[in-house]
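Number of protein chains: 6
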Amino acid sequence: MKLLVIRDRRINYDGSAIRSHWAYRNFGVLGDSIIVFRGKCDVKVEEMIDIEDLRANKEIKSDDMVHYIIEIFDFPNILLASTLQKLFIAKLCEVLHIWGVETLRKGDDIYVDDKKLSISIATVSPVSMKIHIGVNVKAEGVPKGVDAIGLKELGIDDVEDFMEKTGRAFQEEFLKVKKDSMKVRWAE
Amino acid sequence: MKLLVIRDRRINYDGSAIRSHWAYRNFGVLGDSIIVFRGKCDVKVEEMIDIEDLRANKEIKSDDMVHYIIEIFDFPNILLASTLQKLFIAKLCEVLHIWGVETLRKGDDIYVDDKKLSISIATVSPVSMKIHIGVNVKAEGVPKGVDAIGLKELGIDDVEDFMEKTGRAFQEEFLKVKKDSMKVRWAE
Amino acid sequence: MKLLVIRDRRINYDGSAIRSHWAYRNFGVLGDSIIVFRGKCDVKVEEMIDIEDLRANKEIKSDDMVHYIIEIFDFPNILLASTLQKLFIAKLCEVLHIWGVETLRKGDDIYVDDKKLSISIATVSPVSMKIHIGVNVKAEGVPKGVDAIGLKELGIDDVEDFMEKTGRAFQEEFLKVKKDSMKVRWAE
Amino acid sequence: MKLLVIRDRRINYDGSAIRSHWAYRNFGVLGDSIIVFRGKCDVKVEEMIDIEDLRANKEIKSDDMVHYIIEIFDFPNILLASTLQKLFIAKLCEVLHIWGVETLRKGDDIYVDDKKLSISIATVSPVSMKIHIGVNVKAEGVPKGVDAIGLKELGIDDVEDFMEKTGRAFQEEFLKVKKDSMKVRWAE
Amino acid sequence: MKLLVIRDRRINYDGSAIRSHWAYRNFGVLGDSIIVFRGKCDVKVEEMIDIEDLRANKEIKSDDMVHYIIEIFDFPNILLASTLQKLFIAKLCEVLHIWGVETLRKGDDIYVDDKKLSISIATVSPVSMKIHIGVNVKAEGVPKGVDAIGLKELGIDDVEDFMEKTGRAFQEEFLKVKKDSMKVRWAE
Amino acid sequence: MKLLVIRDRRINYDGSAIRSHWAYRNFGVLGDSIIVFRGKCDVKVEEMIDIEDLRANKEIKSDDMVHYIIEIFDFPNILLASTLQKLFIAKLCEVLHIWGVETLRKGDDIYVDDKKLSISIATVSPVSMKIHIGVNVKAEGVPKGVDAIGLKELGIDDVEDFMEKTGRAFQEEFLKVKKDSMKVRWAE
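Chains as they are written, first to last, in our numbering: chain A, 1 to 188; chain B, 1001 to 1188; chain C, 2001 to 2188; chain D, 3001 to 3188; chain E, 4001 to 4188; chain F, 5001 to 5188.
Since the hints were derived computationally from the structure, they do not count as laboratory data. Please note: incorrect hints may appear among the correct ones.
Pairwise CB distance ranges (calculated) [what the hints assert, rightly or not]:
| no. | chain 1 | residue 1 | chain 2 | residue 2 | range |
| --- | --- | --- | --- | --- | --- |
| 1 | F | Leu5104 | E | Lys4138 | 26 to 32 Å |
| 2 | C | Asp2109 | F | Asp5113 | 34 to 40 Å |
| 3 | A | Arg55 | B | Arg1055 | 48 to 54 Å |
| 4 | B | Glu1052 | E | Glu4164 | 50 to 56 Å |
| 5 | A | Glu46 | D | Lys3179 | 34 to 40 Å |
| 6 | D | Leu3104 | C | Gly2028 | 35 to 41 Å |
Beta carbons: idealized from backbone N, C-alpha and C, even for Gly.
This is chain A alone, in the form it adopts within the complex:
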């Protein structure tokens, strides 16, 4: 699994990065990958993946976010995509905890003091599994009615360092999951 942290520029997230091969098309990164970047978030309705959000006419937006786009080329399976997503979110909470931030994970959502820190979606394409995680840098530009919080409010000011370390934590977690899957004999 390759990790690419994009530091030199901002990339806005409109939802289209959830399509298969986005990492390869845009950065030449082939195979399993995590791309970490920073930018505005404003998901176009036609790119929305969560039908629950679509049914509720929700908006998904934030002025400044750290984004993770993860693609895994195993047999596409919605249950595996959803499980990997929750594990990455749990991992993110564990990293934040080490940094002294108390979080509450509810499925794929992270809350700090009842305020929403993150958004996330996981799905399959016909060739891969795709996960998006977005973490607010500041609680600005979020939809009305959402009580949000961002890294800045949590005292995490070095955003590039956060991008690097969490990206690496995701990569290590996945490699551990993968490695463990190949060292066990099957059961009767």
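For chain A, the structure is supplied; the task is to place chains B, C, D, E and F on it using the hints.
Coordinates of chains B, C, D, E and F only, in the frame set by chain A:
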């Protein structure tokens, strides 16, 4: 996913419960299930699943443990089995955290103060995925050289309550993972 | 598997209901489901699934039909979709037989006295299996050259009762199939 | 799918024919196949597949049965195995109906006048799906408490003809299922 | 696996034949198939499958080619599609070798005297695996900078005979692969 | 994919190396791997995988062979295992060709001057795909009636060099197959 917490008796774990349909054969629990029970742990060499342990001639034992046997009848996939296992372990840490216990998760191992609280394995049978998690009640009877800790040392004295609540937490987590997997449209 | 019988209004079938998540998008029904409704049938060419029909320039229409849209979120597999479809059709014939109607099933078609009672299609989306079954209420509005028959001609006047009972029969059949799949050990 | 009807000799069924490649090992029949034969039925406990039967200490036996062993080398999937089984049983009922025998199908069981005509099991091996169907020729030698019926009691005296025609009906049904699965475009 | 060699007319290849069911839609050939035809090649950008080519702004064209469109309705799997493609290319080299032509295979490319003889792509649709192989008849009309060679330059003048024999070689190779997959028992 | 060439000692092949995780159990090589070693070949009947050989009571033996044991932890699929096997065999022929040896491949067999150079088998375990290829070093100790040939007779005297180079050729071929599978968009 059905949850069965066995309160009225002790069941020792010798590793054979990792086989497919153990829950149905022994308790008539059909389909996806979590069986929680308490008993000694002493895994027979011929039942050991982790080849790394086998290669290292490790012993897997403890005098008193809470055991979880999870079986999921989705398409058997070692990567999914391994991912689900890590997610359940992360969930266990989250529950412990709410109860004031500080843990460190390393893959599928849980540590408290550098002491090992748990053991776990995940694999597939030809029809299902199987996960075992064992949590020390007391740090007794563990292999030499293992610095262990148990629930009692952590101040968790109501073991039945722990079994019930963690079993339910696993069940809820899995149902959330499953539900989310069916509410997202596929990506191009 | 959830069953929803829509009684309070008519819904026309133009073929678009064969897309994944139609039940969730339109009725909030998540996961495996059977939606039963009544309405006109006129499948748009761009929604036609059966390439044999497309090649033959067939029309698929009827003025009044009972429709079943079934979605199953197991690993998408065209052979499983096609097998489930035939089983549901066979089940429908069995129910009709109990009601005194003699049918002849040819694959996914049902005939009574050499007259066509039903249409059906089964396919996969990238996340699910989808089946449509349509049963004529009256033999009106069908394509030229098709000798059709409807429930009314068979003496089945209580269409809502028919919708309810056949929907439930499908649901029970699927649950039996699913249950049986999890109570058998694998063979060498 | 190849069909082999064994006419020249009796073969007893002890359950071991449910293993993968039985048709190839014993008759050189490679690939998807239906083998039809006649013989005693007495399933050894260690060959029993249905854990429900094992839990209930059921015996599975009959003095004279027509047996079908079906093997399909598609991606092994317990749900597909179970669905195919029900479809074949439904087909058998349809053939009997044409011959004037009124049956009642309950899942994978066939009843005539509340008497049990057949037994069946479906499972997977690591490489294939396997189905066994057994139809009583006479209601003799069945377990105590089972009210059975056989082909002879139904007026079907030409057992070889029955073996041939039902074998062919199964073959045709499967080929139709398979053919249909490849003539439909996928749905969004 | 059906083989259809189209002799009576030319068909140009613009890339759209890579879509699922092309053989059935256009020639009524159902199921696993190889369609061999001859015609110009000029792949439209929107039909290009190889993202590496897209990223490099490559053109894919030739004035006269023998084309093979192969479709296989097994469980769609990109690794299997890619492996089958390489095997067919290796087979083509073996046939050419028997005819006295020395080739060098690099993955899915065939070179003769460092000149490119062929193009190829392999991918999946949601229901099948698809492979295109194109072999230059003459080294004309190829993109600038590509040093190409064609069958004519290799002394292969009877193009129809080449189409027939290579088509049959592919068919035989696939049937051998398939047959072998069903005659081996599984390993522990 | 890891490559391990065992140079310092001989290992006899009795067929048991075809089991899953053999490379990890014996050499600590985790994940996709090719293990190349040299030794006697004498496959025990209970380890034979090819049922065709079992039915024909064939012996599989040779006094001195180069062995390749390949394990791939993708979704186990007998068709993929069989296709990979043929591709590796074709690759071996290509390497031999570069070295001036004229071979004829028939499926998974290699002939030189109508003499058999190699044996091979491919199958699945419940967690992986496994391939064995054996190449005679000398044509000695082979079953009666088999007209064999070995590397020595072909003028290939540096067996270690052969092991190294062919092992690397297999590794490169697989990596190319894998890489290509992830750089193509899916087709409609």
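Verification of the hints:
Hint check: Leu5104 of chain F to Lys4138 of chain E, Cβ distance near 30 Å, so the stated range 26 to 32 Å holds. Asp2109 of chain C and Asp5113 of chain F have their C-beta atoms about 59 Å apart, which leaves the hinted 34 to 40 Å range violated. The beta-carbon spacing between Arg55 of chain A and Arg1055 of chain B, approximately 52 Å, falls within the hinted interval of 48 to 54 Å. Taking 50 to 56 Å as the suggested C-beta distance range, the pair Glu1052 of chain B and Glu4164 of chain E conforms, at roughly 55 Å.
The hint said 34 to 40 Å for the Cβ distance between Glu46 of chain A and Lys3179 of chain D, and at roughly 37 Å that hint holds. Checked against the hint of 35 to 41 Å, the pair Leu3104 of chain D and Gly2028 of chain C passes, with Cβ atoms roughly 37 Å apart.
Violation of the numbered hints given earlier is confined to hint 2; every other hint is satisfied by the structure.
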